[in-house]
Structure formats: C-alpha cells, structure tokens
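A.B. asks: The listed protein sequences correspond, in order, to chains P and V.
The opening position of the first sequence corresponds to residue 49 in the working numbering, with each subsequent residue numbered one higher.
The opening position of the second sequence corresponds to residue 49 in the working numbering, with each subsequent residue numbered one higher.
Keep in mind the hints are simulated off the structure, nothing from the lab.
A couple of the hints might just be wrong.
[To be verified] Beta-carbon label-pair distances, calculated as ranges:
id: 1; chain 1: P; residue 1: P239; chain 2: V; residue 2: G126; range: 18 to 28 Å
id: 2; chain 1: P; residue 1: E209; chain 2: V; residue 2: D145; range: 52 to 62 Å
id: 3; chain 1: P; residue 1: A303; chain 2: V; residue 2: R125; range: 38 to 48 Å
id: 4; chain 1: V; residue 1: G301; chain 2: P; residue 2: R270; range: 32 to 42 Å
id: 5; chain 1: P; residue 1: N257; chain 2: V; residue 2: D186; range: 53 to 63 Å
id: 6; chain 1: V; residue 1: T276; chain 2: P; residue 2: G250; range: 45 to 55 Å
id: 7; chain 1: V; residue 1: L200; chain 2: P; residue 2: S143; range: 38 to 48 Å
[What the hints assert, rightly or not] Some chain V residues flagged as far from chain P (calculated, every beta-carbon gap over 12 Å):
id: 8; residue: Q61
id: 9; residue: Q83
id: 10; residue: R90
id: 11; residue: D139
id: 12; residue: R140
id: 13; residue: H142
id: 14; residue: R156
id: 15; residue: A159
id: 16; residue: S169
id: 17; residue: L244
id: 18; residue: D254
id: 19; residue: E273
id: 20; residue: A279
id: 21; residue: L285
id: 22; residue: A294
[Stated by the list, open to error] Okay, the calculated bits of chain P under chain V, using three or more residues with CB under 8 Å as the criterion:
id: 23; stretch: 96-108
id: 24; stretch: 133-142
Positions of the beta carbon are idealized from the N, C-alpha and C atoms, including for glycine.
There are 2 protein chains.
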Amino acid sequence: MDQVTSAQHWMAQQMGLIIPHLSVDCVVFGFHENQLRVLLLRFKNTEVWALPGGRVYREEPVNTAAVRVLEQRTGLRGLYLQQFHTFGDPDRLHSSDFQAILAQQNIRIEASSLLFDRTISVGYYALVEFAQVSPAPDQLSDECRWWDIRDLPKLFFDHNEIVAVAVRTLRQRLSYEPVGLNLLPEKFTMPELQRLYETLLGQPLDRRNFQKRMLAYDFLQRLDERRTGGAFKAPYLYRFDRERYAAVLQGGGLAFG
Amino acid sequence: MDQVTSAQHWMAQQMGLIIPHLSVDCVVFGFHENQLRVLLLRFKNTEVWALPGGRVYREEPVNTAAVRVLEQRTGLRGLYLQQFHTFGDPDRLHSSDFQAILAQQNIRIEASSLLFDRTISVGYYALVEFAQVSPAPDQLSDECRWWDIRDLPKLFFDHNEIVAVAVRTLRQRLSYEPVGLNLLPEKFTMPELQRLYETLLGQPLDRRNFQKRMLAYDFLQRLDERRTGGAFKAPYLYRFDRERYAAVLQGGGLAFG
DNA sequence: ACAAAAGTGTTGCCGATACACCCATGA
DNA sequence: TCATGGGTGTATCGGCAACACTTTTGT
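My request is simple: use the sequences and hints to build the entire structure.
C.D. replies: So, in structure tokens, the structure goes:
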C-alpha cells in the first residue's frame, strides 16, 4: 500500500473502533523566551493549523484518550494534563472544511461518514517543559511547532475559542496549578519563575516582594549552583520540593499582588 | 395507549433523535435552613435516587440540552446553569442496573440498545432559590425532592461522585460565582447571606467583619424594610445591585477570612 | 570603571481581626 | 426584665507594598 491508501485504510479502520460524535482536543502549553506558547499541527499539504485532537475508543476512558492522542499526534508522553471544558455546539465544526483538508491528502471518505457528523469535544490542557520536548508530526500533519499565544493564526474549526477558554481557565486556576513545576525546567532561577508568573498574570511583579513570598512558601530548595553566562551577577538555581509545593497549592494556593 | 406503553413508546422514539453515548446530568443546588441541598429524582417503583439527567438531541447545543432536560424532568426554568466537568470513564454506568430500573416500570428495551451502551456525561450545576421552586417529577419518576448535601443516599451510577465534584467546584469558584444572587431570595438579611457563605465555606465568620466587608463591596442595597417575626431585633433587608455584584465578581472576586 | 541584574533589608500603611457596646423584640 | 440576636464603632496587629543599598559579573 502506498502512503495515501495506508492513511485512508487507517482512518476507515478507526471508524469502527471509536465512539461517534465525540472527540478530545489538547491545548499544550509551553513557556519560552518569556512567552506562553501553544503546540499546533499543520495538516498535510495545507496551511491549516489545528490543535492535536482525536477520537475516543469504545472502551477507553476519555482521560486516557487524551493522553494517547497527545502521544500519537505529537510524540509527547507523561504530561501534566487537565480537563477544562467541553465544547458542545452543533455548529462548532463544518464538515466541508474537514473534507477539503482530507481531499488535500487524497483521502476520500463518504460525506455520510460519522467523521463529518456533529462532534462534541472534551478540552484538555497540558503543561510541558519547553526544552524537554521535541514534538513530531503524525501522518496527518506536515509540521508541529510552537506558536506564541498572542499571535495565533486562524485555526481549524473552533480551535481558536478552545485555546482562549484554556488560557482563561489556566489564569483562573493559576494559584492552584503547579505551573512552575511543569512549565519550567528542573532547575531554574528566581527571575525565571517570576517571568513565568508575570506572563501568565499579564502584569509585572515587584522583584523583591516576589522572592520573599516564594521563599516564605518554603517549597523551593536553593541549590549551590548558579546560572552563569549573563553579563551580571549570577543568580542562584532553585528546585521545587514537590511535596511542599503540592501542599501549598492544595491549601489556600498562592497569592500575588 | 396505557401509561407503560406510552412511556416505552416515548423512549423508543427518543432513540432516533438523540446523540448516542452522550448525556447531561444536572446538580441543582438550593439553600434552606442553613443547609446546602441537592434536588434528586426517585425512579418509579424503586428506591433508587438519581440526578436529573437526559440525552442530547442531534442538532441541539449541549448547553441547551441541559436547560431543556432540567425543565422536562423537574419543571424548573430560567436557572443559573454552569458546566463543570465531563465524566468519561467507561465503567461509570452498569447497564444491568439501568435495565432493572426500567423493568420496574415494565419498560422493556433490547439489551443491545444504545441506551445501555457506554455513555459520557457532561455535568452542570444550577443555583436556585429554594422557595421559588416547586419541583415536579416527570414520567420516569415517582418523586422529586431536596436532599441535604451531607446526608445523601447511595445514588444511581456514579452520581455520588458527580455531586462531590460539583460541590468541590462550587467551593473553588465561590469567590467568582453569584451564589448569593441565585441561592437567596430577592430580599434577604445580612445574617442570611452570612449563613450561606459560612455553610459553603464550612467555617464560621465574624459577624461584624463580614458585614463590613460586604458593605464595602458596595453591591448591596439596604431597603427600608426589616424582617420581623423573630424574638430579637429585626434585621434589615438587602437586595443585590446586580451590575455591581457582577463587576466585583469579575474583577478579583470576593474575599473571606 | 561602569552597566546590568541579583541578593538582602527596612519602613510604613492599609486592611483585616478581635474586640465592646448599644438597640430592638418577644416571651 | 431578660435572653437573644442585630447594628455599629474602635484599637491593634500583621502582612504586604513600596522603597534603597550592596554585591556580582561581563565588557
């Protein structure tokens, strides 16, 4: 079988195994160069960008489907993944757009297929360490890369809205989510942690007060190493004490101001 | 047609109109006698209690389905309704339990029916003024009544967990949700508002500080009326300034302590 | 030497808490 | 008149925001 036939065969085979009318979509967040970024896929032979998403198998928990889909479509594993909203409007996708994209890959599926029928999507967001990740596109996509959250193209279906809701939800949950642990590398400096929270909050924070408060939470371990290379005083490296971090987030959460 | 045949016919007819594998379930919260309560239905000829839930029509937004199902099954309209979580484990319902309940009503449906297949449920919670409501059971139920949140029976399927997640979510969102506006009557006293928040938070609050803070938010209008009837000084009645209330919840939310 | 950035300390204000006192009402 | 609960005022305490100075490093 050539590649096209293989892909078509694969899709047809999937149809019998999945739950109709249901999908999952994942908003993968990363943090790089002081910007919040999202991982997007570009459909083969098109300029159409979309969130990594997929179908749920008949006997598979929806949460598990989100993990599997993410691995199949981007190669990412073991992520911090949270369900945040379910998108259930009947006009959230337009089958003609979808058919056009498949046509670009010479995949032909009857217009009556359940694939083109109304679909409800359960939205998840993931927090990943940007550097740890080498995303790889799957067989439906040409490219898989990070996009600045402030500068997204027009996305497939209602994916722009899904991203927007994910960002809003993440902001709301900021005090209770382990964003530092999951978006930063194992070792990081205090200014790096501060940039992260500043970016997510959308407002600058006082350097000294921020440091005092974070240290007061007592979930950071200062290492003996420092980050060298800059034209300035080398900052200390820190690491999370995961237990204490979780405990603080659980009880009351963080505060900013 | 007798009642049984009518009900069976009705269900059969529904099957062609609905999206398979998908349902909505509603956790209706009320506040009465200083307790948070949930509205439950008892299936006909059984002692099985369940949340009001139902199916989604082919062309119907899921949000709309939640509103409709709630009206059909309890008679309630125009509620404050929020989606909070989607429950997608394959073993969250057991078709044998469901068949047994339908059998009690002499409704017989083939075991192969999609009704008994795996179902993903989108959870919503509603906030309602207890006194405004006269819930009425539908044709599948014998009874519809309020239950104290702390003293629920074993519910249908995973509905106990759904309620638990709803309560947890409501607590988390407490500072940003218009719980006062929707759970209390149009006019209410300061102590009543305080009892509400105390119950939801699970901790007592200082009477004087609470009053000061609420008035400082400037979203309460004190009326010239007082609540008489108690063996004590008659408290003032208040009403929400809806715009200001919404504005405060939007920006920063409420604080307690 | 200088600029840029990081580490640490101090002050003062605001706001929340912990109070006390008085008032209204029904029994 | 007494018990109960509601309305209002005040003093204190602590935490957080605002701010300054020193230290380190590369150029």
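A.B. asks: To test your reading of the hints: which numbers does this structure violate?
C.D. replies: 1, 2, 11, 12 and 16
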